[in-house]
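Colleague: Here are the chains, one letter per residue:
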Amino acid sequence: MSIRLTDISKRFGSFAALTDVDLNARPGEFLALLGPSGSGKTTLLRIIAGLEFPERGTVTFNGEDITGLSVAERRIGFVFQQYALFKHMTVAENVGFGLSVRPRRERPPRRVIRARAQELLDLVQLGDLGDRLPAQLSGGQRQRVALARALAVDPTLLLLDEPFGALDAKVRKELRHWLRGFHDRVGLTSIFVTHDQEEALEVADRVVVMSNGAIEQVGTPAEVYDQPVNAFVFDFVGESNRIPVTAADGKAIFRGVALDADTSGARGAAELFFRPHDARIGGAGEAGLEAVVTIARPREGRVRIESEIAGLADPIELDVATEHAPDPGTTIRIVPTRGRVFSVSVDAEQAA
Amino acid sequence: MTRGAASTPLGRGVLFAVALAFLAIFLVAPLAAVFAEALSKGVGAYAAAVVERDALSAIRLTLLVAAISVPLNIVFGLAASWAIAKFDFRGKSVLTTLIDLPFSVSPVVSGLIYVLLFGAQGWFGPWLKAHDIEIIFAVPGLVLATMFITFPFVARELIPLMEEQGRDDEEAALSLGASGWQTFRRVTLPNIRWGLLYGVLLCNARAMGEFGAVSVVSGHIRGKTNTMPLHVEILYNEYNFAAAFAVASLLALLALVTLTLKSILEWRYGIHGRTGH
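Heads up: the protein sequence lines correspond to chains R and S, in order.
Positions 6 to 357 (the working numbering) are the ones given, in order, by the first sequence.
Positions 32 to 308 (the working numbering) are the ones given, in order, by the second sequence.
Hints in this document: simulated from the structure, not taken from any laboratory.
Heads up, a few of these hints could be off.
Each computed EDC-like pair below joins lysine to aspartate or glutamate, with the alpha-carbon atoms no more than 20 Å apart [what the hints assert, rightly or not]:
{"no.": "1", "chain 1": "R", "residue 1": "Lys175", "chain 2": "R", "residue 2": "Asp159"}
{"no.": "2", "chain 1": "R", "residue 1": "Lys92", "chain 2": "R", "residue 2": "Glu57"}
{"no.": "3", "chain 1": "S", "residue 1": "Lys117", "chain 2": "R", "residue 2": "Asp265"}
{"no.": "4", "chain 1": "S", "residue 1": "Lys72", "chain 2": "S", "residue 2": "Glu83"}
{"no.": "5", "chain 1": "R", "residue 1": "Lys178", "chain 2": "R", "residue 2": "Glu167"}
{"no.": "6", "chain 1": "R", "residue 1": "Lys178", "chain 2": "R", "residue 2": "Glu207"}
{"no.": "7", "chain 1": "R", "residue 1": "Lys175", "chain 2": "R", "residue 2": "Asp133"}
{"no.": "8", "chain 1": "R", "residue 1": "Lys92", "chain 2": "S", "residue 2": "Glu165"}
{"no.": "9", "chain 1": "R", "residue 1": "Lys178", "chain 2": "R", "residue 2": "Asp201"}
{"no.": "10", "chain 1": "R", "residue 1": "Lys92", "chain 2": "S", "residue 2": "Glu195"}
{"no.": "11", "chain 1": "S", "residue 1": "Lys117", "chain 2": "S", "residue 2": "Asp199"}
{"no.": "12", "chain 1": "R", "residue 1": "Lys175", "chain 2": "R", "residue 2": "Asp201"}
{"no.": "13", "chain 1": "R", "residue 1": "Lys92", "chain 2": "S", "residue 2": "Glu83"}
{"no.": "14", "chain 1": "S", "residue 1": "Lys117", "chain 2": "S", "residue 2": "Glu194"}
{"no.": "15", "chain 1": "R", "residue 1": "Lys92", "chain 2": "S", "residue 2": "Glu194"}
With beta-carbon atoms standing in for the labels, derived distance ranges [claimed, not checked]:
{"no.": "16", "chain 1": "S", "residue 1": "Leu103", "chain 2": "R", "residue 2": "Arg112", "range": "28 to 36 Å"}
{"no.": "17", "chain 1": "S", "residue 1": "Leu220", "chain 2": "R", "residue 2": "Pro108", "range": "49 to 57 Å"}
{"no.": "18", "chain 1": "R", "residue 1": "Gly18", "chain 2": "S", "residue 2": "Gly44", "range": "39 to 47 Å"}
{"no.": "19", "chain 1": "S", "residue 1": "Ala161", "chain 2": "R", "residue 2": "Thr72", "range": "50 to 58 Å"}
{"no.": "20", "chain 1": "S", "residue 1": "Leu103", "chain 2": "R", "residue 2": "Asp189", "range": "17 to 25 Å"}
{"no.": "21", "chain 1": "S", "residue 1": "Phe215", "chain 2": "R", "residue 2": "Ala174", "range": "35 to 43 Å"}
Part of the chain R face toward chain S, derived, beta carbon under 8 Å [unchecked claim]:
{"no.": "22", "residue": "Phe35"}
{"no.": "23", "residue": "Ala54"}
{"no.": "24", "residue": "Leu56"}
{"no.": "25", "residue": "Phe58"}
{"no.": "26", "residue": "Phe83"}
{"no.": "27", "residue": "Val106"}
{"no.": "28", "residue": "Arg107"}
{"no.": "29", "residue": "Val158"}
{"no.": "30", "residue": "Thr161"}
{"no.": "31", "residue": "Ala253"}
Virtual Cβ for every residue (Gly too), placed ideally from N, Cα, C.
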């Protein structure tokens, strides 16, 4: 199913949760709403679900305006962050709930409901646990029961609020892969909310980066990671170093040293961003940032260097090959290989 | 745990003795006295006092008043706590405060309010008289006063419980296509059942035992508007101690049964109600 959000705005009291948000999701797409807490991502998901209603703007499913429809009328599957399983019902009863509350005329017989629940439990690989109570399941299992329950009503759209938020790191990683594979098998349009950029980049087809109730950028994981449109996105979707510079014609000038960087449009007071793996240690005569190494520790086959530039508060991080790792205390010259310069805007100052 | 007097065996012994003595003097002794006095003239006299015409009528009236006011307060308590816990609206804090009103007002004043409203000299008195409707010094007055006194019990028990449980379960049910009623019956009610039962139990105990407010609106017409607590008072004032204590012992029994059920509920409730997921 395709979804189109147009000019969505929502306030809670004096707090503007969302301001003029536009977003499209294509049929079968897996979309991530990524942002820090308070960015409006969960509110946006709840508006798509019909659990919250926008003050302005429209929501359309397959071109049909459903802005005024309630959650029950929208036929969506919603997986809650804390799963919201009904704790007095067995796992199978939980999964069958959506069918058992249908109006009498449309309600399938008990036997059919039971069979459908079993089928869905098999699908999420919990076929043997139908008679358990939710309290007897692990976090990852509850998550999959919640998913099966949401799918029982044959939704046209699957919405997940922080689906991995309540799980420990190992289970989270496993479930991430599983969910991606599951989405591809089931083929439903799915949207999930997360504050974890790694999760968004790894699972989603496209990532919607949000902050302060607005969308900063929509793009494939590669696009938002490699071509962030502004300082916020650069900073939020990956690790980054940030250095105050003056921008001029493809150069970022820091204390008289001109560094090569993509300045596209920025001029005057600006900031240079680069990721730890997009920099190297330069030779004596090269244009670079002079820094003193404070910490060097192994990390995923390379060495993560933390260094200090005199007068800057934040340490500069870079990844180097193990054999070239300098010892703490040495002075090095950092040459950003893929630097990006953004003008200093009001937003960037707030975020800093 | 803080280390102090309580951690030495002597200190513990003293605390224990003080607590036990207090219980014995203020709770067990009066309870024993009620039953001893009730049976002082033999089992025959006890039985006679309990099945006496006016006593039976008082028992019937007490049961009737409780049977009307408790269910109404269950409905009210459920509605109020549902509204307060699951929705945001203007005046929510005012409603929460109002629910506590009967706890903070003297029961006698609660009774007088109804006399003031519905009594012969009250605001609606002449109109009620013209239409031949009896409220004060009749069963409707007793029910009204009892309802006023007992309406916080169910709501007070449910509001914190429902607030703690949040709205996720209800939203999940709605997202799966359940109607409001189905959501309430199949999701909310099972989630709050122990807390609800607990509130109903306390509400009922108070409804049957209430004296002050009921005393004001009753008019003490023997065999007609006397509830059990009022009947006890009348018998006592007539120096008919054995009969007074015999009826009082029934109220004491109600208290014991209530306490036992309450303990059982607290035990179950502790396991199923308060351990949220």
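Colleague: Please verify that hint: Val106/R, Cβ, nearest Cβ of chain S, below 8 Å or not.
Modeller: 4 Å, holds
Colleague: Quick check on a hinted range of 28 to 36 Å for Leu103/S and Arg112/R, using CB atoms only.
Modeller: The hinted range 28 to 36 Å holds for Leu103/S and Arg112/R, with Cβ atoms some 33 Å apart.
Colleague: Does Glu207/R sit within 20 Å of Lys178/R, going by the straight-line distance between their CA atoms?
Modeller: This hinted pair holds, its Cα atoms lying about 10 Å apart.
Colleague: Starting from Lys117/S, check that the Cα of Asp265/R is at most 20 Å away, please.
Modeller: 57 Å, violated
Colleague: Do the Cβ positions of Leu220/S and Pro108/R conform to the proposed distance bound of 49 to 57 Å?
Modeller: 20 Å, violated
Colleague: Run the distance test for Lys92/R versus Glu83/S: straight-line Cα separation, threshold 20 Å.
Modeller: 51 Å, violated
Colleague: Return the status of the interface hint for Phe83/R: holds when the least beta-carbon distance to chain S is below 8 Å, violated otherwise.
Modeller: 4 Å, holds
Colleague: A closest beta-carbon separation below 8 Å is what the hint needs, so does Phe35/R meet it against chain S?
Modeller: 20 Å, violated
Colleague: Go through the hint on Arg107/R and say holds or violated, using the shortest Cβ distance to chain S against 8 Å.
Modeller: Because about 7 Å separates Arg107/R from the closest Cβ in chain S, which is inside the 8 Å limit, the hint holds.
Colleague: Have a go at the Phe58/R hint: is there a Cβ in chain S nearer than 8 Å to its own Cβ?
Modeller: 13 Å, violated
Colleague: If you draw a straight line from the CA of Lys92/R to the CA of Glu57/R, is it 20 Å or shorter?
Modeller: With a Cα-Cα distance of about 25 Å, the restraint between Lys92/R and Glu57/R is violated, given a limit of 20 Å.
Colleague: Given a hint of 39 to 47 Å, does the C-beta separation of Gly18/R and Gly44/S actually sit inside it?
Modeller: 57 Å, violated
In this structure, the earlier hints numbered 1, 2, 3, 7, 8, 13, 17, 18, 20, 22, 25, 30 and 31 are contradicted, and the remaining ones agree with it.
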